[in-house]
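Engineer: Here is how the chains run, residue by residue.
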Amino acid sequence: MQSFPFQPEQASTIARSVDYLYYFITAVTLFSTALVFSTIFYFMIKYRRRSPDERPKAIEGSLPLEVLWTAIPTLIVAVIFVWGSSLYFRNAEPPAGAMEIFVTGKQWMWKIEHPEGQREINELHVPLGRPVKLTMTSEDVIHDFFVPAFRVKKDVLPGRYTTLWFEPTRVGTFHLFCAQYCGAFHAGMLGSVIVLEPDAYERWLAGGVQGESMEAAGQKIFQQSGCGTCHLADGTGPGPTLLGLYGQPVRLTNGQTVTADDAYIRESIVLPRAKIVLGYTPIMPSFQGQLTEEQMTNVIAYIRLLGQTQAKPKEGGKP
Amino acid sequence: MSTATLEPRVRAPRNYLNADYGIRSWLLTQDHKRIALLYLVSVTFFFIIGGSFAVLMRIHLVEPQGALVQPETYNKLFTLHGVVMIFFFLIPSIPAVLGNFLVPLMIGARDLAFPRLNLLSWYIYIVGGLFTLYSAMAGGVDTGWTFYTPYSSTYSNTQVTAVAIGVFITGFSSILTGLNFIVTIHKMRAPGLTWFRMPLFLWAMYATSIIMVLGTPVLAITLFLLALEHLFHVGIFSPALGGDPLLFQHLFWFYSHPAVYIMILPAMGVVSEIIACFSRKRIFGYKVVAFSSVAIAVLGFLVWGHHMFVTGQSVYAGLIFSLLSFLVAIPSAIKVFNWTSTLYQGSISYEAPMLYAMGFIGLFTMGGLTGLFLASLATDVHLNGTYFIVAHFHYIMVGGAVMGYLGGIHFWWPKISGRKYPNGWAALAAAIIFIGFNLTFFPQFLLGYLGMPRRYAFYPAEFQVLNVMSSAGATVLGVGYLIPLVYLIWSMRYGPIAESNPWGATGLEWQTASPPPTENFAEIPVVTEEAYAYAEKGVSGG
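The listed protein sequences derive, respectively, from chains A and B. Heads up: the first sequence at position 110 corresponds to 109 in numbering that gives the first Met the number 0, and the numbers run straight through without jumps. Heads up: the second sequence at position 366 corresponds to 365 in numbering that gives the first Met the number 0, and the numbers run straight through without jumps.
Note that these hints are calculated values from the structure, not bench results. Do not rely on the hints blindly, as some may be mistaken.
In silico lysine-lysine, DSSO-like type, Cα no more than 30 Å apart, as pairs [stated by the list, open to error]:
1. A:Lys45 x A:Lys56
2. B:Lys286 x A:Lys45
3. B:Lys186 x B:Lys286
4. A:Lys56 x B:Lys286
5. A:Lys274 x A:Lys219
6. A:Lys132 x A:Lys56
7. A:Lys45 x B:Lys186
8. A:Lys274 x A:Lys132
Here are the simulated distance ranges between beta carbons [to be verified]:
9. B:Lys286 x A:Glu53: 44 to 54 Å
10. A:Glu92 x B:Tyr349: 34 to 44 Å
11. B:Val54 x A:Gly246: 30 to 40 Å
12. B:Val54 x A:Pro94: 27 to 37 Å
Only some residues are given here: those of chain B computed to face chain A with a beta carbon under 10 Å [stated by the list, open to error]:
13. Asn14
14. Asn17
15. Tyr20
16. Leu36
17. Tyr133
18. Ser278
19. Phe325
20. Ile347
21. Glu518
Backbone N, C-alpha and C define an ideal beta-carbon position, used for all residues, glycine too.
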């Protein structure tokens, strides 16, 4: 047994701001508890029964008091509500230029894939001081990606993508927990987030078994699955071209417009008939069950790459 | 009782307990008071079962690698602990035991509106309970009491269907009880007992009944769909079958959040009665307290999404659910302030029920305030799914609801049994429970903030100190719960005979004998004054 701290480590840019709100609510809680407890103790002593025949005067109530103790808590919770919500909204979207990493949860492990092709299980290496965006999905049941030191948590759902981002501010190894009960060895679905100095991170990226990049792997699957037969580059095929598609608005036959993001592309692969691009017919077969979640993210990585080739140059690809 | 029957001269007058003997007279009774006792025995049985699971869990968690059982077994323990405690103890506890006993007595009626339905609800409850116990013995279930899909519907190979059926069946018992109370309170109040003369316990029962009748069917539908997918692979919740993985959570919490108010509102009602009696005061702001119960019942239906802040639901949905969750905190705060103000200039005595009621206010206050951390979006992201949640809802549902239930049992025990229990032992038990409860669950707030997720069969070593503290506290709490069991059973035979109104309380239930005769009142009483007319006659006149 060892001693314990009273606070989890603060190792991300948002940890401190979440903690300030936590301290504020703690102060409200302690103050209110003390107020209620001391008032009750004071009354119980001051107004203790002194003779069995005591009949205290009836008090009806007091409208001003009721208004007062409705208004004060309302004001306090309004402050907490605005504070908590604005912090949440500020942290909801990753900053532009965040590096992207894919996470697949399965009973009972975390599978991580870096765009450069590095794969790891139950370990996530990230560089210090750079925002990291995780795109996550599950191969089976609902999991939850939780790094207490970063104050971030998001469910990892089967059949959907969820995202989460953080920017580490301290070098070190931090707990990664599954925080949504997922079966027999839920407690064993543990991992570590390992934050490295940028140059150490580069060395880590360069070392180890270098797999092929996600895009390259995705291109292979794209060809093997026959996607290119219909999705011709020049847009003359029976399926729309995928060049310059990613991140752009897509008009549908039902009049709606959607953005071609990860979720839309995934849905179009699994349930092609859900959203039909304007000018095309619903002839694409479903690939549900034919691709693993990792193959799926690889194909999406490839389609992202295709999205950059024709569209305005963004960062010029990877170094 | 036997001493009384040996000497016919001191034999108690006819009452509901000695009106008839034999097992048939109990199992076929339509007397609401006897049905209340059937429930009392059954919920106590389930409390002991659910409590034993908790004991095993706390022993297991003393060691980081788990001291007692395999992870699979641990998962079944926390699942059955939750299922049994929530569906078979907490939800029926105050409504089905104290509510059944008191609603007709408090409104001056001879029974509930539908006595046969009332007995039926107990049988339904027992059948549901037996189903659940069967499933526990046939291998158990490991989904958590929340049954999240797609784990429960397609991955778990434990007794999911049997437990779902058990809970499904028991739901109908809640619906019937709620229905019975609503009709009874509407139609059978004694002459002169207007709505605003009703004791606040009845307002709480009324609000609770509305939730039972409106919410429970949704739970039944949800569990039905779960069983459909589990048995026949109909795609509803599992994405692999074309379903929506979050739909289940929406449906489940639509019932299960209001269910928290099924547990806490009745306790609030009990506490209002006790505080009024032992400070000899009208409840401060009676109407405000009454309407706040209704407000909690209504708002309680609109906050389910706060269980889903980290599921990836829309941030705007999160915003609305956060706002509504904060709003539901306000009527709860108002109640606490009104109870506290009731003590002002009162004549306060410290008999055991009052100590339980004060314990309720303390623990409920802490439980309610820690809810602020979870209603707030940014802090919930960190605390959701950790031990902080476990601590928070135990403060409400065990600290609050069980303390209120025990307070009510102690307050009305002389009426129910016709006997008195030793006040010193009861006061000691209240103190031990209060202290043991805090020792058990306060460390869990710290554990959660430090990041320990709930439902972990083993855990990193740095969390051990707090886990050992929690387990040590649980032994104190366990002793605290055993003491009342002993002296209350003891008192049924050896306790001094209780007079009809031992606490000097107002309320129609105290105007009839202890224990009451089968028909409750020889003559239907006529009500001429408000509830809690504790002040001297003439003074309270206005």
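Engineer: When the structure is checked against the list of hints, which entries are broken? Sort them ascending.
Structural biologist: 6, 7, 9, 10, 11, 12, 13, 14, 15, 16, 17, 21
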